[in-house]
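Protein chains in written order, with the working numbering: chain A, 1 to 155; chain B, 1001 to 1290.
Please keep in mind that the hints were generated in silico from the structure rather than gathered at the bench.
Check the hints yourself; a few may be wrong.
Derived Cβ-Cβ restraints for the label pairs, each shown as a range [said to hold, decoys possible]: (1) A:118 - B:1064: 28 to 36 Å; (2) B:1284 - A:91: 53 to 61 Å; (3) B:1185 - A:5: 42 to 50 Å.
Just a sample of chain B residues kept apart from chain A, beta carbon distances all over 12 Å, derived [stated by the list, open to error]: (4) 1017; (5) 1022; (6) 1187; (7) 1228; (8) 1290.
Sample of chain A residues at the chain B side, in silico, Cβ under 10 Å [as the list claims (entries may be wrong)]: (9) 17; (10) 48; (11) 59; (12) 80; (13) 129; (14) 131; (15) 150; (16) 154.
Heads up, the beta-carbon is just placed ideally off N, CA and C, and yes, glycines get one too.
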Amino acid sequence: MPTRHINVNVNGTPREILVDSTWTLLETLRDGLGLTGTKEGCSNGNCGACTVLLDGKTACSCLVLAPEADGREVTTVEGLDTGGRLSSVQDAFVKEGGLQCGFCTPGFLVSTTFLLSNIPDPTEDEIRLNLAGNLCRCTGYDKIVKAVQRAAATK
Amino acid sequence: MPTFDFAAPTTLAEAVTLMASAGTVRALAGGTDLIDQLKTNRRNADLVVDLKRVPELQRLGSDADGLHIGAARCCSDLHHDPTVNRLYAGLADSTGLVGSVQIQNRAAVGGNVCNAAPSGDTTPNLLVHDAIAVIAGPSGARRVELTDFFVGPGQTVLQKGEFLQELILPAPPDDSASAYLRFIPRNEMDIAVAGVASFLHIDPATKTVKKARIALASVAPTPVRARAAEAVLEGKVISASLIDAASVAAVESATPITDVRGSAEYRKELVRVLTRRTLNICLDRIGVSL
Ligand SMILES: Cc1cc2nc3c(=O)[nH]c(=O)nc-3n(C[C@H](O)[C@H](O)[C@H](O)COP(=O)(O)OP(=O)(O)OC[C@H]3O[C@@H](n4cnc5c(N)ncnc54)[C@H](O)[C@@H]3O)c2cc1C
Ligand code: FES
Ligand code: FES
Chain A
1 MPTRHINVNV NGTPREILVD STWTLLETLR DGLGLTGTKE GCSNGNCGAC
51 TVLLDGKTAC SCLVLAPEAD GREVTTVEGL DTGGRLSSVQ DAFVKEGGLQ
101 CGFCTPGFLV STTFLLSNIP DPTEDEIRLN LAGNLCRCTG YDKIVKAVQR
151 AAATK
Chain B
1001 MPTFDFAAPT TLAEAVTLMA SAGTVRALAG GTDLIDQLKT NRRNADLVVD
1051 LKRVPELQRL GSDADGLHIG AARCCSDLHH DPTVNRLYAG LADSTGLVGS
1101 VQIQNRAAVG GNVCNAAPSG DTTPNLLVHD AIAVIAGPSG ARRVELTDFF
1151 VGPGQTVLQK GEFLQELILP APPDDSASAY LRFIPRNEMD IAVAGVASFL
1201 HIDPATKTVK KARIALASVA PTPVRARAAE AVLEGKVISA SLIDAASVAA
1251 VESATPITDV RGSAEYRKEL VRVLTRRTLN ICLDRIGVSL
């Protein structure tokens, strides 16, 4: 198995990680670094449970090879808080009850953070379109949309 | 997942050398097709070459030849680019339709082209803009018209060691516009049952069609131009009945299959309807009313 060291800035901390060329970024985060907040749903780009920020843009970490991340910055759900306090997006999901089982939530939090950094005050249509890559089995999405609207209003 | 090695060249020369390595070598752009194909063992690889760090493959800018789109440049960048939106609107439409935001942030137009799925949403928009494919390889660069790039489903003219460096889209004239529509049963995140890209160049004084291009997705083994429909339009004064005639003619170029997404008959009907609608959007974008 071809292995290599990669240097990745994960949630603000530089990490040197020994990876196999065939590992995905998702496997590296969960199994290599123990950052299990990022979830694996479909493993093929459809569900968004594995969404992280790669150099500031959302990506499905199940469709990123670990060595691709060498020299780059990764932000996972574990890195969204500010000094131990929930971010406005996380807080809004709690206040609106924008989750039930919570499996999809890390992906939604990362996608919402990215959405609001691009469109600070999105319409409901913009919210639904921009979160179309995140699937939720439980909520029916309405409370998620409300949580995004609350986060936009409290930013 | 097969066992493979990984390389990420930072110069074009290095990429050419690596791509010509022995064994099965796969180019990697956004990986939204390739990584799943590898995981499910639909593709093997001895070496995966990540082309995203090669500056030429990230190019996005215009010169006298037209707009250069580096083969690894992601859909999001094109979807939000002012020049793409102003001059190549159908490409802007389609880059905003590929999967989700997460997918668009990674998926390259070059990856969509090289994957050569008949359903690729961006490809017909490159065809209606007369795109040129610039191919890099061990024996130097060559240029191929994108219409001649596709051989069959998943098959292109690329030879061992060759890869797509960039696409060049000539600057469209004033009083022209393009548009893309696809039909899917959902609002997003689905594969086109059928898709149509149109381009029109109209003489505003006489309302004569100076140039027409129509290309179809998901209705043939490769993306195809609807040349019969183009011929119906060119040289004639644009009118609702001419658009209807062209839409009927577009169906002649569709040789669809029946599968879970739709029957052949249904796909042909979609081609007719989407051709009419995209031609009307082009007119709207040019500012010509019927
Ligand atoms: C959830 C999901 C939804 C999707 N939805 C859509 C959709 O709506 N419409 C659509 O058209 N597609 C869709 N796709 C498919 C895919 O995202 C697109 O085809 C995308 O454009 C592929 O680009 P990529 O950069 O990710 O390609 P990659 O996966 O990196 O590469 C694709 C293929 O092209 C080859 N390749 C890549 N670059 C080069 C090069 N420069 N030279 C030679 N060969 C090269 C690779 O070896 C591979 O065989 C979807 C995929 C997923 C996972
Ligand atoms: S696990 Fe990556 S998109 Fe579903
Ligand atoms: S809360 Fe259970 S999947 Fe979304």
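Do the hints match the structure? See the list:
The hint said 28 to 36 Å for the Cβ distance between residue 118 of chain A and residue 1064 of chain B, and at roughly 33 Å that hint holds. For residue 1284 of chain B and residue 91 of chain A, the Cβ-Cβ distance of about 44 Å falls outside the hinted range of 53 to 61 Å, so the restraint is violated. Separation of residue 1185 of chain B from residue 5 of chain A is about 46 Å and conforms to the stated range, judged on CB atoms against 42 to 50 Å. The Cβ of residue 1017 of chain B sits about 18 Å from the closest Cβ of chain A, beyond the 12 Å cut-off, so the non-interface label holds.
Non-interface call for residue 1022 of chain B relative to chain A: holds, since the shortest CB-CB distance, roughly 15 Å, exceeds 12 Å. Taking the minimum C-beta to C-beta distance to chain A, about 7 Å, the non-interface status of residue 1187 of chain B is violated against the 12 Å cut. Interface exclusion of residue 1228 of chain B from chain A stands, the closest Cβ pair being 36 Å apart, more than 12 Å. No Cβ of chain A approaches the Cβ of residue 1290 of chain B within 12 Å, the least distance being about 29 Å, so the stated non-interface status holds.
Because the beta carbon of residue 17 of chain A sits about 14 Å from the nearest beta carbon in chain B, more than 10 Å, this interface hint is broken. The interface hint given for residue 48 of chain A is met, as the beta carbon of that residue sits about 6 Å from the closest beta carbon of chain B, less than 10 Å. For residue 59 of chain A, the suggested interface contact is upheld, since its CB lies about 5 Å from the closest CB of chain B, less than 10 Å. The beta carbon of residue 80 of chain A comes no nearer than 16 Å to any beta carbon in chain B, farther than 10 Å, and the hint placing it at the interface is violated.
Contact between residue 129 of chain A and chain B, as hinted, is supported at the beta carbon level, the nearest pair being about 7 Å apart and thus within 10 Å. Interface hint at residue 131 of chain A: satisfied, since its Cβ lies 8 Å from the closest Cβ of chain B, which is below the 10 Å cut-off. Because the beta carbon of residue 150 of chain A sits about 21 Å from the nearest beta carbon in chain B, more than 10 Å, this interface hint is broken. Using the Cβ-Cβ criterion of 10 Å, the hint placing residue 154 of chain A at the interface with chain B is not satisfied: the shortest such distance is roughly 22 Å.
When held up to the earlier numbered hints, the structure conflicts with 2, 6, 9, 12, 15 and 16 and fits the remainder.
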